[in-house]
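With chain A's structure known, arrange chain B on it following the hints.
The listed protein sequences correspond, in order, to chains A and B.
Residue numbering for the first sequence is 1 to 154, as defined by my numbering.
Residue numbering for the second sequence is 1 to 155, as defined by my numbering.
It should be emphasised that the hints constitute simulated quantities derived from the structure, not laboratory data.
What you are looking at is a predicted structure, and each value in this text was computed from that prediction instead of being measured.
Mixed in with the good hints there might be a few duds.
Rough simulated footprint, nothing fancy, chain B against chain A, three-plus residues with beta-carbon under 8 Å [to be verified]:
1. 8–21
2. 29–37
3. 122–132
Distance ranges between label pairs, derived from CB positions [claimed, not checked]:
4. B:125 / A:89: 34 to 42 Å
5. A:117 / B:87: 28 to 36 Å
6. A:56 / B:124: 46 to 54 Å
7. B:87 / A:151: 42 to 50 Å
8. B:5 / A:89: 42 to 50 Å
We put the beta carbon where it would ideally sit given N, CA and C, even for glycine.
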Amino acid sequence: MDLEERVQRLEAIEAIRRLKIAYARVADDGYDGDRISAFFTEDAVWDGGESFGVHRGRAAIKALFDGIPEQISFALHYMVGQTIDVDLAAGSATGHWYLWAPMTINNAATLGAITYDDEYRNVEGTWLASRMRVNIHFITPYEDGWVKTPMLPG
Amino acid sequence: MADLEERVQRLEAIEGIRRLKIRYAQLCDANYDPPGLTALFTEDAVWDGGDLGRYEGHDQIRGFWEGASKAFTFALHYMIGHTIDVDPPFTSGTGHWYIWEPATVNGRAVFLGATYDDVYQKVGDNWRFKQVNANLHFFTPYEDGWVKTPMMPMD
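Bound conformation, chain B alone:
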C-alpha cells in the first residue's frame, strides 16, 4: 500500500477537484460569469457539449459563456455523483459527474439531465479544467417532459 503521505494527497486531490466543479456550478448560477468561468479552464482547454457546440481555448470558451448568460436567465446546477480518478504525482485527473438542472431558457422553464466526462490539470496550486464533455440526456420544457420533447431547440 502507498505511504500515508501519498494516500492523503489522493484524498486531497479528489476534494480539490470536487470543489473546482462546484465552483463552476456556482459561477454558472451567478448568470454564467464569463471571466470567472473562463479562469477555471487551462489556456488550451476544450468545452465540448455535442449539439451545444465545441469551444477550444479561452476566447471561444468565454464567448460560449457570454451566449449562455443571455439565453439562461436562471439556473441551478446540481452537481452530483462524482467519480474522480487521480494518480501520483496528482497533477492531473479525470472525472465523471451527473447534473440535474432546472433553468429558465429564453423565458421558458426547462429541466436538463446530463452527465460530464472531465479532464483536470493542476496549474500551480489550483485545479483547472483541461476538457469538459457535457453529454445531454434531455433538455426539455417543464410542461413537456423528456418523453414528449427530449431535446428542445436552443433558439
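If we strip away everything but chain A, and leave its shape as in the complex, we get:
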C-alpha cells in the first residue's frame, strides 16, 4: 500500500474518532437536536433497540434528541476503546465503541454502560454517522447497581 493511502487511513480514523467525541460533547451540552443531527447523514438510522426505539432520518433523530433533556438533565458520555475500520475506496467505515455514562435521569443519579456498532460515510469530505446501533448493557440507579436493577423501568 502506498504512503498516501496509509496516511489517508490514519486521517480517516482520527476524523471519525473526533466525530464520535463531538457527538458526546453535544449530548453532554444539553442534547441539542439541530447540532447533534448534523453529525448524521440525511438517511441515517439511530437504533436504540427496544428501550430507545429506532429513529430513521435526520429529522427523526433531531426530534429524538430534542426530547431527551426532559428526562436526562445531566450526562457525561465517556467514549472509550474504539475500533474503526475504514474502506477508503467506498468512502465508508464501521466502528465499535464503549460508553460509560454517569447521568441524572428524572432527578436520580444513574449509571449507564453501553456499546455502539456504528456505520459512517464520507459525504463530500466530511465523515458522518449513517447508522448507530446502541447496545445497552445496563442503565441502573446509582444506589442499586446492575445486579439488583440492570435496566431502569420506563
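Here is chain B on its own, set in the frame of chain A:
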C-alpha cells in the same frame, strides 16, 4: 490538501499531545509526584481548577501538587475522549478531554467527573502544558452520588 509531510506532522503532534496528557495521569496516580508533574508545564503555565484554585508558574503549580499528594492517597485518572487541534508549524495546540476519576480523598472513596480545556506548547522536542483548565462536573462521596452531593468540600 496539505502535503504528505505536513499531514504526518499533524498526526504525530496529536499523538505527542495525547501522550503528554496520559503521562500527567500516570504521575497523578503515582501519588501526584510534584517535581515530575511540574516538569510537564511551561515555566509560565497556569493550572486553573475553578473552586480547586488557580496556580500560576512552576512554584505555585508544584505547591498545588504537594497539597494534592497529601489529600489524595489513591486515584486513577481515566483520560478519555480527546479533541486535539493543531495547526502548522505544530508548535502549539489546544485540547478538550474527559476524565473519570475514582479516588480516595482524606480517607473517603470519591468519584470525580470533569472535563479539561488545555493549551499546549512545544518546548524543544517535547510537548508541555501552557494552560490546564479543569471543569468539575461532580466530586462526590461514593456513598452519595452526584445528585445528593455534587460537590463535596475538600477539607
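List of violated hint numbers, smallest to largest: Numbers 2, 3, 8 - these are the hints that the structure violates, sorted from lowest upward.
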